[in-house]
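Novice: Residues per chain, in single letters:
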Amino acid sequence: MPETPDKPAQPLALDRAERPGWRTWLSSSSATALAALCFVLLIGTLFSGDGAFYKWNTHRDALRQASVYGMLACGMTFVIITAGIDLSVGSVLALVAVAFSILSIHLSWSPWLAIPACLALGATCGAASGAVIARLRIQPFIVTLAMMVFARGLAKTISGGRKVSTAMQLPDGSWTAADVPHVFRAIDSRLLGDNISVVSLIFILCVVISWIILARLRWGRYLYAIGGNEEAARLSGVPVTIMKVLAYSLAGIFSAIAGLCQAAQEQQGDPEAGIGYELTAIAIVVIGGTNLMGGRGGIGLTLLGTLTIGYLDKILSINAVPEASRLMLTGVIIIVAVLLQRRKD
Amino acid sequence: MYTMQAVAVLTQPNAPLLTMTGICKSFGSQEVLRAVDFDLCAGEVHVLAGENGAGKSTLMRILGGALRADAGRTTIGGRQAVLRHPRDAAAHGIAVIHQELSLVGSMSIADNLFLGREPSTAGWLHRAGSLERARELLARVGLRLDPRRTVDSLTISSQQLVEIAKALALDARIIVMDEPTSALSAPEVQHLFARIADLKSAGCGIIYITHRLEEIYTIADRISVLRDGNLVATRRAEDLPAGELVRLMVGRSMSEQAPRHATAQTKVRLRVEHCTVRAARPGLPPIVADVSLQVHRGEILGLVGLEGSGVSELLWTVFGALGKRGSARVEIDGRPTSIHSPRAAIDAGVALVTNDRKRTGLIPGMDIIANTTLASLPRLSPAGWINRAAEARQASDSARRLNLLAASLRQSVSSLSGGNQQKVVLARWMGTQPRIVLLDDPTRGVDVGAKHEIYLLMNQWSEQGRSIVFSSSEWPELLHVSHRIMVMHRGRIAASFEGGRAGPADLLRAAMGATADA
Ligand SMILES: Nc1ncnc2c1ncn2[C@@H]1O[C@H](COP(=O)(O)OP(=O)(O)OP(=O)(O)O)[C@@H](O)[C@H]1O
Ligand SMILES: [Mg+2]
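Here the protein sequences come in this chain order: D and V.
Using our numbering, the final residue of the first sequence is 345, and nothing's skipped along the way.
Using our numbering, the final residue of the second sequence is 518, and nothing's skipped along the way.
Honestly, the hints are just simulated from the structure, not real lab data.
Quick reminder that beta carbons are idealized off the backbone N, C-alpha and C, glycines included.
Errors might be hidden in some of the hints.
To list a few chain V residues with every Cβ distance to chain D over 10 Å, as calculated [unchecked claim]:
| no. | residue |
| --- | --- |
| 1 | R84 |
| 2 | R87 |
| 3 | F114 |
| 4 | L154 |
| 5 | P187 |
| 6 | R235 |
| 7 | Q294 |
| 8 | A370 |
| 9 | G503 |
Listed next, the in silico EDC-like pairs over lysine to aspartate or glutamate satisfying Cα-Cα at most 20 Å (straight line) [unchecked claim]:
| no. | chain 1 | residue 1 | chain 2 | residue 2 |
| --- | --- | --- | --- | --- |
| 10 | V | K324 | D | E231 |
| 11 | V | K358 | D | E231 |
| 12 | V | K324 | D | E230 |
| 13 | V | K358 | D | E230 |
Next comes chain D alone, as it looks inside the complex (with noise of 0.2 Å):
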């Protein structure tokens, strides 16, 4: 620019490429996700359930039963950074979890066979979903309930409605017990001498996973523009429909993981599992602080989302809070979570 050698009034700070400090971070969405579970914990420490809450075990069980929640909640997270929704989640979960009983308990498959077989049977219930979100054009909140039905009746056919379990039916009529496969028990052990479940270890894998999906490839990136401005992304060379199946089929692969943890913890394929896990995953997502609106958020927050959910429950059944009041306060809690989170828009 010959033209304009004595340029006064500098642009600010572009060199400034590092990341904001710790007065930006403190009102932004993690700190707060952050403060939510601190203040869980914290009434984890008063109400201690006569010193249950530090025991290690409660803290073993506690991730461990709320880490299936928290794989349908990764998978979820890459849908609603879209600024979709997919309510088949659930239905996802139970079909898988009748199929790899189904492959592992009656065909006698290989686990290096049937895991593989299970997760893309995930994938291609969201593809499936994703295409025709992407394609036709129709609302994710129609098409995944449409898939959400379907996987479910899917679910009760191959099972002919009945729980899939060792318990085998003989073609005289008489019944036997097979034995419980190796990769059940081997999913549903723990390691580290007793001290942490290999679900609960599956699901931090699933969280690093998305992770560097969500963060270092571009696929994240394209993700995040699709769902901030879907159309300004199409003109910026984004695979729009791609992505969007991609998505899709990321939270059907996710709700497969999470249905081979289920089959493994039941010991048998339930057709009736996973009813209403979708909404508990979305809640998580949401508590967490990534916007249903899509293009913010992060994997980070629903960790912490999954954390928060997974020791507000823990926490009132060590104190014998009934089950109808536990549902009240979390609905109480995810109000209050969202409207902190609303806080920093």
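Place chain V with the ligands on chain D using the hints.
Specialist: Below, chain V with the ligands alone, put in the same frame as chain D:
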């Protein structure tokens, strides 16, 4: 309430309608307004000028009750006013036309016009009455549209006119117009100025913000200049010549015109043949009807057209963004190129800056870096991993090149001033290293200094052999920058002129459909 004050004002003609004193405002650690004094008299147009990010919109948002000042007081008609909410401002007779349009896209024009004060009896809406009134209001700004159409379906210039009509509907005494003409072309601007003259003679005061110098001198009675949040001058328009005004705004004198670079190159870079865009509904005439054009290497082709002429649609079709509605045969550097999607266009070296940064440009939740690199990610992250260092480098290079004003590159784009948002969009397309750049009103809402910057950038691109198709609602800049100008009327090329051979009157005649002899 304000009617009483209005009577008082009319009885003493020179009493200010509005006085703002010592207004301060900071966002975090960034001081945006520093003890600004501003006043407005009845029957005057007071222009507020300044660079992008100087704080003009912030001051007006404080007046409109959308923001609270940290310090300072506002008196209206001699009495202190507390403006905590847009409702308070409306009650004091203040109407604000915001820079970033604030219409609800999914609602009809009529519903938007009366949003929040729908004509009703005991909760029942008066549908027929409100449609009638909406038609009148639209006619006042020169729009002939069915008020039942949704705002989404309107072009950006129509939306801007609806926004103006909405403010007029309030019957306010103080009207703030924050860049109301940034998407309007000459005849629409003339129409608006006629309305402003009516308002002046009715005793209203108008605060007018624009980056177009010729507009300032057409309508300003007084001019105030903001620079970096300080009010540096308030003078009568005749006492402030344009050179001086620019110097006050940018803090340096500037050769006003970027030199036009002559093209010697004759190789055709872009050839578009039989470009046709169907209307959204069957039965209507096509929006673009069989248009062909070619652009040489290093040439800047200006495209002009009024509302509905099809200029934007033509550019979108070349960029592959209209899907099946638009079709064209495109040749780039002599090779037939099939462009069926924006991605394909980008890969073929084409870039498109759309004329509506809010709707089709920026991703609001993302920061400057992510917005800047969005279109060049495949190059910056070939294996799919984002290279954060390279990304930050590209963003800061182009930010510096365009003189972007921001606290940090990690700032979210929604907190940038309008003109700086536009620079982010331009930066995105600088990053893709395009061979052909389609610019649809790229200087919308951009200050004089940055416009100059953009012209220089266009010249530089042109020298490097890139070809530019440049459409603008601001005709003087178009006449000034383009090597060749084509005028479109109702989807056809109505005339074409060599650079420097046409004046605004020629363009207007051709754009209105008078048969041309080019
Ligand atoms: N909500 C916000 N948060 C942080 N900074 C903000 C916010 N709103 C405005 N700013 C900053 O305040 C400064 C002034 O912005 P403002 O919109 O008033 O500029 P302007 O004079 O209207 O510019 P333009 O001509 O580009 O519209 C800018 O630097 C902008 O980045
Ligand atoms: Mg502004």
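Novice: Against each hint, give a clear statement of whether it holds in the structure.
Specialist: Evaluation of the provided hints:
For V/R84, the requirement that its beta carbon stay farther than 10 Å from each beta carbon of chain D is met, with the minimum near 18 Å. Every beta carbon of chain D lies more than 10 Å from that of V/R87, the smallest distance being close to 21 Å; the non-interface claim holds. Distance to chain D confirms V/F114 as a non-interface residue, since its nearest Cβ pair spans about 26 Å, more than 10 Å. Taking the minimum C-beta to C-beta distance to chain D, about 15 Å, the non-interface status of V/L154 holds against the 10 Å cut.
Distance check on V/P187: its Cβ is at least 29 Å (rounded) from any Cβ of chain D, clearing the 10 Å threshold; non-interface status holds. With a cut of 10 Å on Cβ distances, V/R235 stays outside the contact zone with chain D, its closest approach being about 21 Å. Every CB of chain D lies more than 10 Å from the CB of V/Q294, the least distance being 24 Å, so the non-interface label holds. In this structure V/A370 is not separated from chain D by more than 10 Å, as the shortest Cβ-Cβ distance comes to only about 6 Å.
At roughly 26 Å, the least C-beta separation between V/G503 and chain D is larger than 10 Å, which holds for a residue marked as non-interface. Restraint check for V/K324 and D/E231: the C-alpha separation of about 16 Å stays at or below 20 Å, so the hint holds. Under the criterion of a C-alpha separation no larger than 20 Å, the hint pairing V/K358 with D/E231 is consistent with the structure, at around 10 Å. Under the criterion of a C-alpha separation no larger than 20 Å, the hint pairing V/K324 with D/E230 is consistent with the structure, at around 19 Å.
Between V/K358 and D/E230 the alpha-carbon distance is near 12 Å, which keeps this suggested pair within the 20 Å criterion.
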